[in-house]
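In full-length UniProt numbering, the protein residues as written are 1 to 335.
Think of the hints as simulated: they come from the structure by calculation, not from any bench. Do not rely on the hints blindly, as some may be mistaken.
[To be verified] Simulated DEER-style distance windows between Cβ atoms:
(1) K109 x A84: 23 to 31 Å
(2) M317 x M1: 19 to 27 Å
(3) R309 x Q2: 45 to 53 Å
(4) V12 x E124: 45 to 53 Å
(5) A35 x K312: 23 to 31 Å
(6) P126 x L40: 45 to 53 Å
(7) R111 x S328: 56 to 64 Å
(8) S303 x R34: 32 to 40 Å
Quick reminder that beta carbons are idealized off the backbone N, C-alpha and C, glycines included.
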Amino acid sequence: MQDVARLAKVSVGSVSRVLNGRENVAPAIQEAVRAAVAELNFVPNVVARSMRKGSSSAIGCLISDITQHTAAQMVSAAEERLRARGFEILIANSHYDLERERAILSSLKQRRIDGFIGAISDDETPSYFNFLHTLNMPVVLWERDAQGEFNSVLTDHADGCRQAVRYLASLGHRSIALVAGHENTWVGREMVRGYQAACEAAGIALDPALVLRTSAFNKDVCRALLTGPGRPTAIIATLNDVAVVLEVVRETGLSIPADLSVISIGEHEYSGIASPALTVVTQNPRDVGREAADMMLQLIEGSAPSGIRRSKHPMRMIVRESCGAPPSLARRKKR
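I would like the entire structure built from these sequences, with the hints used as guidance.
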């Protein structure tokens, strides 16, 4: 910082005020400091500064899998909301690795972040909740319930799967596969719960072999499912897993929806222009991200209502071209 002050011909205090975003600095001094910072490639010591301030004006954002389109949308919306209020967002991807996740959160705590939002990899283990409590900072989870231990913003995935099964049953399907989220997350549990409830309501026998998990779902598993004896006539899958289904369908020569009906839980910008256009059950992930950010800001500012808050967003079905009657029923109708 002294080198910056020397080059800009200002005091070290002036450099500090500019770097910390203080408003009581003359424009000419601000310009001189920024020019010196650029010339020297100066990077402020964020950790040291946060120790002096007691906070970093930063929010940690933990994602289990940043490649998921819905997660990316939530992060983007939360980042926009927080940045508008003067907070930086520090994004970390845990890859569903619990030990990596613990290390990330411990590191973020050392940076004196003001709180963290996002999705933890395991929201059913009390010992992990205890660890989160030891961080001693505001926590807002999205798409994780954590048994009501923390504030959370959720999407009604159980109802989303109920809608999907009801629609497929109305078309005549009796063999419906589900690729649900991870088994130790709220999303995965809720998807299975909604699927099972809807199957029972429709009089469809539950077959455990037709319930798969994204953690163990790949092209080989999908190919075995779609080419083996007693293959399903329809499949409901998370957005990322639908991509695997579509690839295997193409490779095996199957046709959608003539041979297999497909419903995606979650939507991509390209879902409506795919061929055939995908029927989806979708939420607005940006609404989830914005609400999580607002909840965090209230916790930081001390304006949040007392108690743990739990918000749930609805899902809605968009019917397009990827679903039809099951093959046997379609053939009978043609006769």
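Between M317 and M1, does the C-beta distance stay in 19 to 27 Å?
violated (57 Å)
Tell me if the beta carbons of V12 and E124 are separated by a distance inside 45 to 53 Å.
The hinted range 45 to 53 Å holds for V12 and E124, with Cβ atoms some 51 Å apart.
Given the range 45 to 53 Å, decide if the beta-carbon distance of P126 to L40 lies inside it.
holds (50 Å)
Could you check the hint for me, namely that K109 and A84 are 23 to 31 Å apart, CB to CB?
Hint holds: Cβ distance 25 Å, inside 23 to 31 Å.
Pairwise beta carbon distance, S303 to R34, judged against the given window 32 to 40 Å
holds (34 Å)
Could you tell me whether the CB distance from A35 to K312 stays inside 23 to 31 Å?
violated (50 Å)
Against the range 45 to 53 Å, how does the distance between the Cβ atoms of R309 and Q2 compare: consistent or not?
At 47 Å between Cβs, range holds.
Does the Cβ distance between R111 and S328 fall inside 56 to 64 Å?
holds (60 Å)
The structure fails hints 2 and 5 (numbered hints given earlier, in ascending order).
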